[in-house]
Each structure stands twice: as C-alpha cells, then as structure tokens.
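Can you make the complete structure from the sequences, with help from the hints?
Chains as they are written, first to last, in our numbering: chain A, 1 to 203; chain B, 1001 to 1484.
Some hints here could point you the wrong way.
[Unchecked claim] Covered stretches of chain B (in silico footprint by chain A; criterion: 3 or more residues with CB under 8 angstroms from a CB of chain A, positions within the stretch not fixed):
no. : segment
1   : 1159–1171
2   : 1208–1220
[To be verified] Example chain B residues on the side facing chain A (calculated, C-beta under 10 angstroms, incomplete):
no. : residue
3   : Ser1089
4   : Val1151
5   : Leu1154
6   : Val1177
7   : Ile1202
8   : Pro1225
9   : Phe1227
10  : Thr1228
11  : Phe1229
12  : Asn1230
13  : Ala1233
Hints are computed from structural coordinates only; laboratory data are not their basis.
All residues carry an ideal CB built from backbone N, CA and C; glycine is no exception.
Now for the letters of each chain:
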Amino acid sequence: MNTTRALVPVAWGMLWIARAPLEHEMALHMAVQLPLLIGVGYMLATFLRPYEPRWFAESDWLGIPGLLLVVFATSFWMLPRMLDLALSEPWIDSAKFASLPLLAGLPLGSSWPRMPGLGRAFLWANFIPKLGAIGGLYLAAPTRLCAYYRLDQQAAAGIALIAVAIVLGTCWSVIVFVGSPPFWSRAGIRRQRARHEILEAGE
Amino acid sequence: MTGIEAVGSRSRINATAAVRAYLATCGIVLLLMMLLGLTMRLAQAQWIDVEPNLFYVVMTMHGAGMVGIAGLGGAAVMWHFVRRYVPVSTAIFVANLVFFLIGAALILGAGFIGGFAGAWTFLYPLPGHSGGLWSANGAAAYMAGLLVIGVGFLLLHLDIARGIISIYGGLGAGLGVKQAFGFAPEKDGPPPAVAAATMAAISNVIGIVVGAVVLILSLVNLYAPSFTFNTLAAKNLIYYFGHTFINVTIYMAVIAVYEILPVYTHRAWKTNRVFYLAWVLSTLMVLTVYPHHLLMDFAMPTSILVAGQIISWLSGLPVLLVTAFGALTNVYRSGLKWDAAAGLVFMGVAGWAIGIIPAVADGTIPVNSVMHNTQWVPGHFHTYLLLGMMAMMLGFMTYLAGPKSPSHLAPAGVWLYLIGGTTFVLAFLAAGSASVPRRYAVHLPAWLAYDRAGSIGASLAVAGALILIVRFLVSLRSPIDATP
Ligand code: HEM
Ligand SMILES: [Cu+2]
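Right, dumping it as structure tokens:
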C-alpha cells in the first residue's frame, strides 16, 4: 500500500525531471505532460478518498463544483500564452506543476464518481469535440500562436490533439454501443425479458 | 400508471403535462412560422409588398423556427412513447423545453431586432459579412441561440440513451443489431420506438457536437475577424449538423406511426429482421450522406461526392420502405375506423415516401447541376416535412387531444391541410422544374403563376393546421388523466 502511494511523488518528480524534453515539443507538452500531471492528481485523489471529510463530499453537489474547477484549471493551461510563459518563467512552470495535479487532477478524481451518468456523458460529449476543434485550429492557424514553438510544431500538436480526440471518441462509441455487460450475454437478455414482463404486467 | 412508469419517473413533474407543454409550444410556433412562410410566398406572388431585406429576415426565421419546432415536436413524440419502455428523466425533458425557449428568444431577437438574415444554415463566412445589414451581435445572438438549443437536445438524447443502455445493455442492442444480423431471436428485439430513439440519439449526439464546434469557431470569427478558417471545412461541418438534425426529426416523429396505428387496427406493429436491419443501415447512412449538399463544390474530393450521391439514393430508403410497407400491412383489412389522428399519421407516411422521390432525384449529380438552388429543393423538403413529419406530429397531437374534444371539424382540418399542402408543394416543384431559383425575394413576371398557386395552397394548409391546433389547445382544458 505504502509503495503504491509513493507512486504519486515519484511520478510528480519524474515529470519535473523530464520537463525539458517534454516541453521541447508542443505536441508532447500538450498531449503528454499536461494529461500526466492531471493523472498524478487523479491518483492522489484515489488515495485521499478514505480521508475525505463528510461535509466536503456533501457540499460537492453531484460533483458539479469540482468539475467546474477542473474545466477552469484545464482551460487555463490550454491557453497558448500560458504555455509560452511556462517555458520562459520557471516559477510559472512550477505553478503549472502544482495547479494541474491539485486543481485539476485532484478534484477530477474526487468529484467524478459523484457525478451522475448523464453529467459524465455530457462532459465527454463536450470534451472530445473540444479537443478536436482546438487541434483543428492549431493545424489551420496561419500564424504561430506560441512564441516558443515553430509553425510545424504547432501543426504536430494539432494532429496529436485530433488523434487523441479520435481515439477517445472511438472508445466511447464502442463502449456505449456494445455496452456492459455485452448485450449478447445471457444477463443482458434476461434483464430485457424482465423488463418486458413488468411492462406486460402493468398494462 | 404502468409498472415502467412507476419505476421510471423519479421526478415530480407530471410527464403528460410536460408532453402537453411541448405540443402547445409546437402548435403555436408552427402556426406562426407557417404565417411567415405564407408571407414569403405572397411576397413572391406580388400580392403583398415585403422589403427584400425583411424577406431574408423572414426566410431565416422561418427556416430556423421550422427546423427547431420539427425537432421539438419529434422529441415530444419520441419521449412520450419511449418512456413506456425505458426509464427517462422528466426533469431533463422539461429542461430541454426551457433551453429551447431561451434559444428561440435569442434567435427571434437576432432576426427581428438584430436584422440577422444569413439563412438558418449560417454558412460561414456570411454571418460576419452582412454588408451592414446586421451587426456582429445580431449574428452572435442567432448562433448563441442555436448553441443553447443544442445543449438541451444533447442532454435529452444522452438521457434517453442512458435509459436505453440501462435496459438493453448497449445502444447496439437498443437498435436491434443482433436481430438485424440474425444472431438473436426476433422476439427479443427492442420495440420500434426504442430502435428509433436509439438511432435518433446516436445521430443527433454526433450531429449536435459537430454543429457546436463550427458554431463556436464562427462566433470567434465574428469578434476576431482576423481569425479565419477553411470555408469548405466549415460548410462540411454545418451540413453534417444541419442534414442530420432535420433528418432525425422524421425518425423521431415516425414513432407516432409505430405506436398510434396499432391502437386503431388492434394489431401490434410487426418487427422482424428486416425492420431492424433497416434501422441499422439508416443509422449508418444518415451520418454519411450529407455530402449531397456539396455536390456543386468542385474543391470537394470527387470520391466523397460520389459516395454522398450513392448513399443519398439509399439513405432514407430502408426505414421508409419498412415503415410504408409496415403501415400498409398493419392497416390492410384491419377494419380500422379512420379518424383525423389515424388519417394524419397515415398521411405522414405517404408524404414522407412521396417527398423522398424528388429528393433522391436532386441527390444525383447531373440533376443537381440543373436543379441545385431552384425551388425544386424547397419543393421536395416541404413535401416530407410539411406533409410527412408535421403530419405525423399533428396526428400525435390529435391523438392526444382524444375523441372528446370537438371532432366534427377535425376531418375538415385534415382535408384542408392535405389539399392545401399538396398544392403548395406541387407549385414549388413545378417552379423548380421551370428553373425558378430558390431564395429570391423578388420574382420575374413569368414566375408569378407558380407563386400564386403556391400562395393559395399555403393559405389552405394554414387554415387546416389552425383547426387542428386550436382543437388541441382547447382539449388542454380537460384533466390530464383523460388523455390516452
Ligand atoms: C404553410 C406552410 C409553409 C409555407 C407557406 C412555407 C413557405 C416557405 C417559403 C416561401 C420558403 C422560401 C422558398 C424560396 O427559397 O423561395 C420556405 C423555405 C423554407 N421552409 Fe417553409 N413553408 C411552410 C412550411 C414549412 C415547414 C413545415 C418546414 C419544416 C418543418 C419548413 C422549412 C423551411 C426551410 C428549412 C426553408 C429554407 C429556408 C432557406 O432557404 O434558408 N417550411 N418556406
Ligand atoms: Cu441532406
């Protein structure tokens, strides 16, 4: 148990050490470093869950406040200007290293389970096309959006974001289409029959 | 209350009251939008004077309003019937209506106050190039209105999808994929309403999300004109959204046919392998057919256009055929007693089927290069929207109003709607084959005969709809549990 908990600081530290190579390419910066930092916070949330005070869980109504925080924190660090500043000012980069895990990953991990299925679906349905759209913009923009990245790096980042959007979109579609348990399983058929019976009994 | 409803509705809002609110909104907006349509037709006929600038505002409002109300009416039909089979949230259903009303207010303000007249398709970069006719704020209000309406529909479809998954395990099962390919017995398949609602959810979630992307990009462009993007890409996204959304209205409304005709014929709607296969195929095709809107865009890759053309020929057909055939066999020798509701629903199937023929013709490249942007186009889509989709929705309205409300007038309403509507669409089609352009505020003298015939037909159709809708509104006085 303690060794798995150690993962959090280790991963955090390793990302800090790997800062230069990951930030060297815009695609790696956006599609690898930022998500991994959020992942660190998410992991932290799973370890902290048993210690979560009850008042905190209750005031996070349906997980909405937490996820709003996630949306703001992630949108903030997606701004090209912030990427630039993170490169030029070490203290801004430290702020990024602190805020993405603590203000995005941590609330994501703690609020996501509280969010009802419909809310999660709504967020996915907004997040995936948003990634694709931002990717499309980077790809299409005739000018450089960041001072520190070349036009070709920006285009590569665009492609990376679009690729992530396509992969996520495909996974999501397959999951909702096939369902769990798979609809050809006996459990699925049994559940469906039971539903038909309620229906007939009711009419 | 059936067992399902007891399990399904966790909310305190009465479901029937919510459906009634939807239909009352649809009825009133439909009438207003029909009057806007009539105004345009009368102006083209030169029987009234309408400033060309105002004509295009009216055209934009009529297009957006009608498409929105078709979506809302389809949603009412779908939700009313699908909640017999899967648990759905009444609160979300009502939320969609609220989003719709907010969005509609923004859109109407954009048009009649802001002067926005860029057509309901808001084709980029037109909203940002008004030539001084409307401001960036006007165009933005229009697009924001669409976004708000989109949020409501997205929530509604996701909620229904959630309900379907909770019963059937996955959307594939909701669509009847197993049955379609013969891997599961037909009798275990989903009821038609569930299959249709599944297809509507899949198509509209994808369509709306694509629409939201292009709307947001266009909004950014309005306020930061130096930020531009590829116009052809924008056109692809817009028609992906527009085509899907308007098509899905029919696939939602058709549930009225599956559920109402059997009440009259006392025969269950037969679902078999072919039925499920048709729905699977139409789901795939509705999402890939939109390039028929771009047949004139020479920069599009030819392969996509050819695929779009072939899919156009096929796309509507599977569901249309199983529905038309199913309706005929359901009715044939059933001894059903025709009344206004049954007649309207049946008319809906016929109007849909007949309207597809000129649409398919127009989806063919050699025909399209002649007919594109002639009144042939409003000719075909008014056939399946006015005489198809809206007839189904009016049938549902009449069915909900029940036999108690004044019924001697209802058949007159149906006949007026049918005869007037047919005259109106035939006038468009005839004008189209004589190469009268669409979207022209001012017509040449040689075109006036078509416009006048169309105006007369449109007036009759409005009168018919007025009778049916007023009858429905009057029926709202009766207590809720008196309705079927
Ligand atoms: C009495 C009923 C109606 C009348 C009189 C009417 C009239 C018209 C007219 C005159 C036009 C412009 C034609 C042109 O381009 O020259 C038009 C366009 C249109 N109508 Fe209707 N209409 C009616 C019903 C409907 C219905 C029921 C729907 C949809 C559910 C609908 C959807 C549209 C759309 C989407 C356009 C295209 C607007 C554009 O070109 O941007 N209409 N209608
Ligand atoms: Cu289309």
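Against the structure, the hints come out as follows:
Coverage of the segment 1159–1171 of chain B by chain A holds in this model, with 9 residues showing a Cβ closer than 8 angstroms to a Cβ of that chain against a need of three. For a cut-off of 8 angstroms, the count of residues in the segment 1208–1220 of chain B with a CB near a CB of chain A stands at 6, and the three-residue condition holds. Look at Ser1089(B): its Cβ gets to within about 7 angstroms of chain A, closer than 10 angstroms, so that hint holds up. Because the beta carbon of Val1151(B) sits about 9 angstroms from the nearest beta carbon in chain A, less than 10 angstroms, this interface hint is met.
For Leu1154(B), the interface hint holds, the least distance from its beta-carbon to any beta-carbon of chain A being 6 angstroms, beneath 10 angstroms. Given the 10 angstroms rule on beta carbons, the hint for Val1177(B) holds: about 8 angstroms separates it from the nearest Cβ of chain A. Hint on Ile1202(B) holds. Least Cβ distance to chain A is approximately 8 angstroms, under the 10 angstroms limit. The closest approach between the C-beta of Pro1225(B) and any C-beta of chain A is roughly 14 angstroms, which is over the 10 angstroms cut-off, so the hint fails.
Residue-level restraint check for Phe1227(B) holds (minimum Cβ-Cβ distance to chain A is 8 angstroms; threshold 10 angstroms). At about 8 angstroms, the closest approach between the beta carbon of Thr1228(B) and any beta carbon in chain A falls short of 10 angstroms, and the interface hint on this residue holds. With its C-beta approaching chain A no nearer than about 5 angstroms, Phe1229(B) sits inside the 10 angstroms limit, and its interface hint holds. Of the supplied interface hints, the one on Asn1230(B) holds, with its beta-carbon coming within about 6 angstroms of a beta-carbon of chain A, less than 10 angstroms.
Taking 10 angstroms as the C-beta contact cut-off toward chain A, the hint placing Ala1233(B) at the interface holds, the least distance being around 8 angstroms.
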